[in-house]
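Chemist: Okay, here's what each chain looks like letter by letter:
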Amino acid sequence: MNLIDDLISPQWRGTYTLFKKELLRFCRVAFQTVASPVLTSLLYLLIFSHVLESHVQVYKGVPYTAFLIPGLIMMSLLQNAFANSSSSLVQSKIMGSIVFVLLTPLSYLQFFIAFLAAAIIRGFLVGISIYLVALWFVDLTLVHPLWIFVFALLGSALLGTFGIIAGIWSDKFDQMAAFQNFVIMPLTFLSGVFYSIHSLPPFWQTVSKFNPFFYMIDGFRYGFFGQSDISPWLSLVVVLGFLLALAWAALKMLKSGYKLRG
Amino acid sequence: MKVKMADKISAPAIKIEQIHKHFGDLHALRGIDLTIEQGEFFGLLGPNGAGKSTLINILAGLLKPSRGKISIMGHDVIDDYQAARLSLGVVPQELVFDPFFNVREMLRFQAGYFGRGRENDAWVDEVIESLDLTDKAHTNMRKLSGGMKRRALIAQALVHKPPVIVLDEPTAGVDVELRQMLWTFIKKLNADGHTIILTTHYLEEAETLCERVAMMKQGEIVALDTTANLLSKLPGKNLRLNLGTASLPPALLPMLKNGENGIYTLALTELNQVEFALSALRKAKIQVEDMQLIEADLEDVFMSLVGGKSGQYESN
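Keeping their order, the protein sequence lines are chains A and B.
Okay, so the first sequence: first residue is 1 according to our numbering, each after it adds one.
Okay, so the second sequence: first residue is 1 according to our numbering, each after it adds one.
Treat each hint with caution, since some may be false.
Within a straight-line C-alpha distance of at most 30 Å, the following computed DSSO-like cross-link-like pairs (lysine-lysine) qualify [unchecked claim]: (1) B:237 - A:93; (2) B:143 - A:172; (3) A:259 - B:217; (4) A:172 - B:64; (5) A:93 - B:143; (6) B:161 - A:255; (7) A:93 - B:283; (8) B:69 - A:255; (9) B:64 - A:255; (10) B:187 - B:69; (11) B:217 - B:69; (12) A:259 - B:187; (13) B:69 - A:259.
Simulated from the structure, these hints should not be mistaken for lab results.
In isolation and in its complexed conformation, chain A is listed as follows:
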């Protein structure tokens, strides 16, 4: 990273340093932040594919294991992007080390960009790791790689942003765990990771369409198979809309110093 250090211009050096620090922070505990979610996803894959492979076919010509993998990749990518920004912020608030960043000339926008970029990188790292390991189990073709990249990027950005909001709002680990267990987890599990919403009763199909995670996973899956429950363009618009709304809220919180500067 020394070469990048030299290339970066002085006005972006603060942002880059905070990004680099956040990157190194999760790399120092990579068993917890990368290896562990990869293993969890593989366990889901082994169990669900073993139980359902011969019973369920969601898309024509797509084995259930293959259908499951993009969902698991996206689920882990989203959860880890959220965990990165939220846990780093809560931890540094509780330990008091957030003061080292607050005392600097970094603007609220630079703060946002650095935390967001690190969250996206962790999400991608976990997602790519799961994909590479999953290739041992099934041959996965990438029909529309650009859609895959776009939804992975927007999804990790959306959850990274949500993590910043949760991290700023939470004063203790318990409150952050509530976000994770009562918001992120149910929304990911009920978003079509393991099934197509067309297999649900009409009422639950309608309910699913209010879940932003559904659009992220459905759009992402479209990139793998060229098939999805709804148009990827509609998913793109919805995900972009949520991202912009959350980014606006996070920036507003950071600009006002909410729970950071009294």
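The hints should help you fit chain B onto chain A, whose structure is shown.
Modeler: Relative to the frame of chain A, chain B by itself:
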């Protein structure tokens, strides 16, 4: 460690104008006005709850004032916060640290946040050496002793070469040896051109180090003068008596400043009161084991200004 002064050469290091801070119903700062010139060694004194840390936090941008203005080297801490923060190094009171990194990494990150790159590494190493942290440069912050963490915090405040340095209770809870080392180091920083603002409730520390002090009580400055002037305002002396197991005779109780474990300090307004005290002790047939006549100190000044019981503030 020579300091290069920031752009607004003629501006005061710190200018505080009518700063108020409310926390709900609590009026924590009540219109503070204070100017600290470049190169000063300034002490901010006061008991817990006086408002020292609130004022420092507003200065550092960690709190927003309810009303008023503060500038650092001519840069407003809100409107021109980036330039203001570039001019300021803050050593926080609490021993806070990031548990993921070692001392050198942490210092390089801190310099990076201020826009400094690898060209600053030599300076970081110089700061590490000056604070006797060279052996610990690759040690994780978590594994450092309290004293070492304190040094690392001071180093962290210096990595971007700020002309103004605020030390919030830097010697709280440190041993005598480290306190002496820190005093020497801080004095050297001041001699090199840094403006130093020290908050402390060790009055002896302020008396030893600071050229000028402000005394705060309940969100207001109750005294602001040079240390020498404040001390000269109180010409009295103190008589410290070691009476062993005996108690102080009732006749001397009106002069009592403090007393503990047989050692009593009497406040004298005139020297002939020494004879009065000794005669009272003779009458009570009390043998004096030891006796010292000592000058009034900042604690006396503080007590005379803000009231309260002597001995409330620590003297080391």
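Chemist: Next, verify each hint and record whether it holds.
Modeler: These are the hints, each one checked on the structure:
1. B:237 - A:93: Measuring from Cα to Cα gives roughly 48 Å; hence the hint is violated.
2. B:143 - A:172: Satisfied, since the Cα-Cα distance of roughly 24 Å is no more than 30 Å.
3. A:259 - B:217: Distance of about 27 Å is within 30 Å: holds.
4. A:172 - B:64: holds (23 Å)
5. A:93 - B:143: Judged against 30 Å, a Cα distance of about 20 Å means the pair holds.
6. B:161 - A:255: holds (27 Å)
7. A:93 - B:283: violated (63 Å)
8. B:69 - A:255: holds (19 Å)
9. B:64 - A:255: Holds: residue 64 (chain B) and residue 255 (chain A) sit about 12 Å apart, inside 30 Å.
10. B:187 - B:69: holds (29 Å)
11. B:217 - B:69: With Cα atoms ~20 Å apart, residue 217 (chain B) and residue 69 (chain B) stay inside 30 Å; holds.
12. A:259 - B:187: Given that 30 Å is the threshold and the Cα spacing comes to 36 Å, the pair is violated.
13. B:69 - A:259: Holds - the C-alpha atoms of residue 259 (chain A) and residue 69 (chain B) are around 22 Å apart, at most 30 Å.
Checked against the numbered hints above, the structure violates hints 1, 7, 12; every other hint is satisfied.
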